[in-house]
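Read top to bottom, the protein sequences are chains A and B. Quick note on numbering: the first sequence equals residues 1 to 79 in the working numbering. Quick note on numbering: the second sequence equals residues 1001 to 1221 in the working numbering.
You may find that some hints are simply not true.
[Said to hold, decoys possible] Only pairs whose alpha carbons sit at most 16 Å apart, straight line, appear in this in silico EDC-like list of lysine to aspartate or glutamate:
hint	chain 1	residue 1	chain 2	residue 2
1	A	K10	B	D1152
2	A	K40	B	D1152
3	A	K10	B	E1214
4	B	K1028	B	D1151
5	A	K2	A	D45
Derived from the structure by calculation, the hints contain no laboratory data.
Read off the chains here:
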Amino acid sequence: MKARVFVTLKPGVLDPQGKAIHHALEGLGFSGVNDVRAGKLIELDLADGTADGDIEEMCRRLLANTVIENFRIERLENA
Amino acid sequence: MKSAVIVFPGSNCDRDLAVALEQVTGRKPDMVWHRDTDLPDGVDFIGLPGGFSYGDYLRSGAMAARSPIMRAVVDAAHRGMPVIGICNGFQVLTEAGLLPGALMRNAGLNFVCRPVALTVENSQSLFTAAYRSGEEIRVPVAHHDGNFQADDATLDRIEGEGRIAFRYAEQVNGSARGIAGILNGAGNVLGMMPHPERAIEPAHGGSDGRRLFEGLLEAVA
């Protein structure tokens, strides 16, 4: 079974990287981009039946820094 | 004073820190590998050096903070042992939960590598007793992720409790409230982005960092 963990900066946390991407998009002539926030996608290949709680614990203890980041887990049951 | 310097894969200021400690304390520190699980007997000071532990994978300091030796470091810190984390060491201390906040990418996105002016905000700590409060010193920085951030309540608390040890006296990396170094609640753990170990003799271009180690030696010995 596979799971995807999306790690994103909490709202309000300054994202210099997202800002730079935003500027670059504008430089390429893409108008109408209001804001850009950059995050991470982590794919986990897990033993079947891994509990949700275990994946959450992985996020809390290592994959995300909950001081500045939020995480969202997406289970891909048949992957 | 017997000190230990923790060495992670990718640490690159461990030897500079060891030289500074040996010069000031007269005693070679024990170099402790990240895979070790115990600190050497009789250690009374721990230094976490700068560098790029684990290639800054995931987040700066994230992997190092979960390495085996860090359990012993966290226990020792909770027992009151003085611990300093410099640059990557500061990032490791926040990731390990010994210090609040997080160190994010510099606001200007550039790696900043130059001597900067710092204001000593608190001269009452173990680490800053040899400085005067409000004194301006020059110490080099060399980092990409030195932008200290925490929520307002945390910032108010550490500021109110006098836990800001050093503040940048110039614009460096976008850190909240110009924070360059902070103490834990008990005052025995200091994390700072600037490198005092790179400013211990005139040949370095300045020796303002030396007093940090001298003050510490006096406090601990």
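Each hint tested on the structure:
A distance of roughly 14 Å separates the Cα atoms of K10/A and D1152/B; the hinted pair therefore holds under the 16 Å criterion. About 25 Å separates the Cα atoms of K40/A and D1152/B, which puts this hinted pair outside 16 Å; it is violated. Pair hint K10/A plus E1214/B does not hold up; C-alpha atoms about 41 Å apart against a cutoff of 16 Å. The hinted pair formed by K1028/B and D1151/B fails the criterion: a straight-line CA distance of about 40 Å is larger than 16 Å.
Between the alpha carbons of K2/A and D45/A the distance comes to roughly 5 Å, so the proposed pair stays at or under 16 Å and holds.
Checked against the numbered hints given earlier, the structure breaks hints 2, 3, 4 and satisfies all the rest.
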